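Participant: Here the protein sequences line up with chains A and B, keeping their order. According to the numbering used here, numbering within the first sequence proceeds without interruption in unit steps and concludes at 258. According to the numbering used here, numbering within the second sequence proceeds without interruption in unit steps and concludes at 315.
Some clues are possibly wrong.
To give an idea of the interface, some chain B residues facing chain A are shown, with a C-beta separation under 10 Å as derived from the structure [said to hold, decoys possible]:
hint, residue
1, 111
2, 141
3, 193
4, 194
5, 197
6, 202
Chain B residues, not near chain A, derived (Cβ > 10 Å throughout) [stated by the list, open to error]:
hint, residue
7, 14
8, 84
9, 101
10, 105
11, 120
12, 159
13, 179
14, 180
15, 185
16, 195
17, 294
Taking CB as the label site, the calculated pair distances span [what the hints assert, rightly or not]:
hint, chain 1, residue 1, chain 2, residue 2, range
18, B, 32, A, 126, 44 to 54 Å
19, B, 272, A, 119, 50 to 60 Å
20, A, 181, B, 15, 46 to 56 Å
21, A, 126, B, 12, 48 to 58 Å
Read the hints as simulated data drawn from the structure, not as lab findings. Computed from a predicted structure; not experimentally measured. We put the beta carbon where it would ideally sit given N, CA and C, even for glycine.
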Amino acid sequence: MTPVLELRGLTHAYGSLRAVDGVDLSVLPGERHALIGPNGAGKSTLFATVAGTLPATGGSVLFDGQDITALSESERARRGLLRTYQHSSLFLNCSVLDNVALAVQRVDRVAYRFDRAARRFGRTETRARRHLESVGLIGRAADDAAALSHGERRQLEVAMVLASQPSLVMFDEPTAGMSAAETERFADLVERLPDDLTLLIVEHDLDVVFRLADRVTVLHLGRVLASGAPEQVRADNAVRSAYLGSARTDDLFNGGPR
Amino acid sequence: MNRAAATRRTTLIAVAVITLLVAAPLALGPYAVTTMTRMLAFAVLVLGVDLLTGITGLPTLGQAAYFGAGAYTAVLVGLHITSDAMAQALAGTAVGLIAAAATGWVAVRARGIVFLMLTLAIGESLHQVAATWPAVGASNGLAGMPPITLFGGPPLLPAGFVYWWVLAAAITVFAAVTLITRSPYGRTLRGVRDNESRMRALGYRPALARYSVFCLAGAIAGAGGALWAAQGRFVSPGDLGFEVAALALLSVVIGGAGSLWGPCLGAALVLLVRDNLSASIGGHGPLVLGLVFVAVVFLLPRGVAGIRHRRESRS
């Protein structure tokens, strides 16, 4: 089976600092793949490089078997590679419905039509509302996105990405700042997603990670430390020392065991 | 208030305003009617500026250039080809569109202050061309355009008839811009205004949206210019200078960027102060406009249109 996403020696360097350093990774279709690692491990940079927000300074990104390293972020999104942001990135002065509808109307290829009012594009409006319903925000459709709480913004973010007809979604710390109830709701939502949708999740909440993921990759100082089934990773000594708590303090500064 | 009631109220207000505007020449003298005609033509320009500034978040000082291009085109068509007002307006719109399409590609690559400066440069360049090119009368401008006609009828000499034509055209533009803001395309433009990088992450090409709306705003400005010429039957480099561009942007700020009726009111106010009140207050019109501007920025950050918002959020 061709992996949906394959990284070959992917590198992104900020000057001489290689935040992502020769990462090899492959994600199979339908996989729920979690990416964990201590702060500064390069998770967010890896995400941005895969999504095309940041350019790769080395290596390549393959999506559905095709090299997309040179493509722009928007072209990657059109091919079905979508990401969410660690800090919600919304259209704050637009209505909640507009936020999701922006994603739907691009997929429906009506984003540049002005021959009639948006609410007369029935298919687009219905689908946008259905996505809002699935994250529990339908009651707030007419409010400005700026009026949403932090947790609601995260939910809207999820709805926007799912409305873009993705084949791979990358969630960047989706539950950061969520209450326990909101986190539970998010985990439920992810579990109900169609099986053919591939997910790559950066997450700090290890309960969420071990509940959702079929595979876990541990990143440390820009490199892959371990990759495998959740139990396997949990048992890995290198991971334990680098991340799960038993690291000596000086390891954090000297790079720890490699 | 539910949506149906709100829609009904909006419709009622629109009908009342249009009725008043249509009836105005029956009650007012020719001078007042001429003034209102100019306000309407200027409001069309302001609608284009609002589409860029208020809806898409691109403050511009270059729209006067396309306004001027439309006005010159209309006068040239009137002098040499036909006195048909419809043909003049369409020609002005087309030339405004073409001029914006030819020059906008440079401007839309930039954002914020740089975009503002690039549009200013475009405006000043076209102003220079108009002021020095003998074929368009250089600094004298073009005069002697025959009165407009409609549908092959007789020349429309009374101010009221010209007013009705300009009113009809302005309402058409207003309706078209309203439709644009409510359409999926309008949503795309607001998305570009609010968060361009997020648009890219959703698979949009924001540059395409910016360029297309720049062309559209140029076409609208061209239409405004042609209507301006239909009333004045004269065009000079002063009609596309920095002052016109700045007043158009000022109208949008005073009226409330993003609202459509607010900036139209702003346009009327700005022209009233510049052309009519200025003489009676010893030529201090610009000073008054400056004070109005300062007052609006401090007291009504969302312009005249913001007053309604504030009332609604309080009740």
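Participant: Against each hint, give a clear statement of whether it holds in the structure.
Facilitator: Consistency of the hints with the structure:
no.: 1; hint: 111; result: 16 Å, violated
no.: 2; hint: 141; result: 35 Å, violated
no.: 3; hint: 193; result: 8 Å, holds
no.: 4; hint: 194; result: 4 Å, holds
no.: 5; hint: 197; result: 7 Å, holds
no.: 6; hint: 202; result: 5 Å, holds
no.: 7; hint: 14; result: 15 Å, holds
no.: 8; hint: 84; result: 27 Å, holds
no.: 9; hint: 101; result: 16 Å, holds
no.: 10; hint: 105; result: 17 Å, holds
no.: 11; hint: 120; result: 26 Å, holds
no.: 12; hint: 159; result: 34 Å, holds
no.: 13; hint: 179; result: 6 Å, violated
no.: 14; hint: 180; result: 5 Å, violated
no.: 15; hint: 185; result: 4 Å, violated
no.: 16; hint: 195; result: 5 Å, violated
no.: 17; hint: 294; result: 25 Å, holds
no.: 18; hint: B:32 x A:126: 44 to 54 Å; result: 50 Å, holds
no.: 19; hint: B:272 x A:119: 50 to 60 Å; result: 37 Å, violated
no.: 20; hint: A:181 x B:15: 46 to 56 Å; result: 50 Å, holds
no.: 21; hint: A:126 x B:12: 48 to 58 Å; result: 30 Å, violated
Checked against the numbered hints above, the structure breaks hints 1, 2, 13, 14, 15, 16, 19, 21 and satisfies the rest.
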